[in-house]
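Quick note on numbering: the sequence shown equals residues 6 to 226 in our numbering.
These are computed hints drawn from the structure, not numbers from a lab.
Given the structure is predicted, the values throughout are model-derived calculations rather than measurements.
A virtual CB, placed ideally from N, CA and C, is assigned to each residue, including glycine.
One or more hints might be untrue.
Only pairs whose alpha carbons sit at most 27 Å apart, straight line, appear in this in silico DSSO-like list of lysine-lysine [stated by the list, open to error]:
#: 1; residue 1: Lys130; residue 2: Lys18
#: 2; residue 1: Lys158; residue 2: Lys80
#: 3; residue 1: Lys192; residue 2: Lys158
The following label-pair restraints were derived from C-beta to C-beta distances [claimed, not checked]:
#: 4; residue 1: Lys159; residue 2: Asn202; range: 36 to 42 Å
#: 5; residue 1: Phe26; residue 2: Lys112; range: 32 to 38 Å
#: 6; residue 1: Arg224; residue 2: Ala31; range: 47 to 53 Å
#: 7; residue 1: Met217; residue 2: Arg146; range: 20 to 26 Å
#: 8; residue 1: Ala147; residue 2: Ala43; range: 29 to 35 Å
#: 9; residue 1: Ala193; residue 2: Ala25; range: 41 to 47 Å
#: 10; residue 1: Leu168; residue 2: Arg221; range: 20 to 26 Å
#: 11; residue 1: Lys112; residue 2: Lys192; range: 41 to 47 Å
#: 12; residue 1: Ile223; residue 2: Ala189; range: 28 to 34 Å
#: 13; residue 1: Arg180; residue 2: Asn145; range: 17 to 23 Å
#: 14; residue 1: Lys159; residue 2: Ile108; range: 15 to 21 Å
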Amino acid sequence: MRQNIYYGAKVIKLVADNSAFHYSEADIRAAVEEAHRAGLAVAVHVRSDEATRDVVNGGADSVEHGYYITEPVLKLMKEKGTYLVGTDFPIEHMQAFGSIADIDAQKTADSIIRRLREAQKIGVKMAFGSDVVAELPGENRADMAFDFLRTWKKAGVPNADILRDWTLNGFDLLRISNERGPIAVGKAADMIAVPGNPLDDIELLRKVNFVMKDGRVIRKP
């Protein structure tokens, strides 16, 4: 932790269960304490319950992926205030991803929707993460990131919650809400606009027609 902080890391990410072993709760807590002393958030890659319990009880700020997390662990995350950054791939992405990884595309896609639906119902804090690493014909990385909207809609997440989880919650998780997020005096003047109300049609996020960066207009309708 100290070495990464020394070299300028702004967020710490650990990998808990990609191997035959995973970090213990004590390991996670030690990492979290050092990162938090430096004002940094800690994210941890997990897939299922066993590792996630240790990660959450160890005080991590978020769990990444968590495809097979079950209801009891989601309730623990709600209790501890742990964010879920679910990288909620639609089935088409899982099938493409299966060409470069050993994964059951349909099983994982179904589990993602189940887990996302349960997390929404329980009230787990969520922030958006794409993790787009595969390729689909005719789509760029931005297109593929917005494909995740299909999963969130299938899970029954309301448009207002999707918009919040995909924007403001990310700033809160990364501990930069004092700098950016809300449109307000003193915040970073980074804004986009779309031709309609995304609360009525969340797919309008695909149609950004105005971009402001640091107060300078980059793109106009």
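Against the structure, the hints:
Taken as a hint, the lysine 130 and lysine 18 pair is honoured in the structure, with Cα atoms around 18 Å apart against an allowance of 27 Å. For the proposed pair lysine 158 and lysine 80, the alpha carbon gap of about 22 Å is at most 27 Å, so the pair holds. For the hint linking lysine 192 to lysine 158, the alpha-carbon distance of about 31 Å lies beyond 27 Å, and the restraint is violated. The supplied range of 36 to 42 Å is broken by lysine 159 and asparagine 202, whose beta-carbon atoms lie about 21 Å from each other.
Between phenylalanine 26 and lysine 112 the C-beta distance comes to about 24 Å, which lies outside the given range of 32 to 38 Å. Between arginine 224 and alanine 31 the beta carbon distance is about 49 Å. The supplied range of 47 to 53 Å therefore holds. With their beta carbons about 22 Å apart, methionine 217 and arginine 146 fall inside the hinted range of 20 to 26 Å. One distance hint, 29 to 35 Å for the beta-carbon pair alanine 147 and alanine 43, holds here, with the actual separation near 32 Å.
A beta carbon spacing of about 43 Å between alanine 193 and alanine 25 agrees with the range 41 to 47 Å that was offered as a hint. Look at leucine 168 against arginine 221: about 24 Å separates their beta carbons, and that is inside 20 to 26 Å. One distance hint, 41 to 47 Å for the beta-carbon pair lysine 112 and lysine 192, holds here, with the actual separation near 42 Å. Distance hint check for isoleucine 223 and alanine 189: the Cβ-Cβ separation is about 20 Å, which falls outside the suggested range of 28 to 34 Å.
The given range of 17 to 23 Å is broken by arginine 180 and asparagine 145, whose C-beta atoms sit roughly 30 Å from each other. For the pair lysine 159 and isoleucine 108, the supplied restraint of 15 to 21 Å holds, since their beta-carbon distance comes to about 19 Å.
Consistency note: the structure conflicts with the earlier hints numbered 3, 4, 5, 12, 13.
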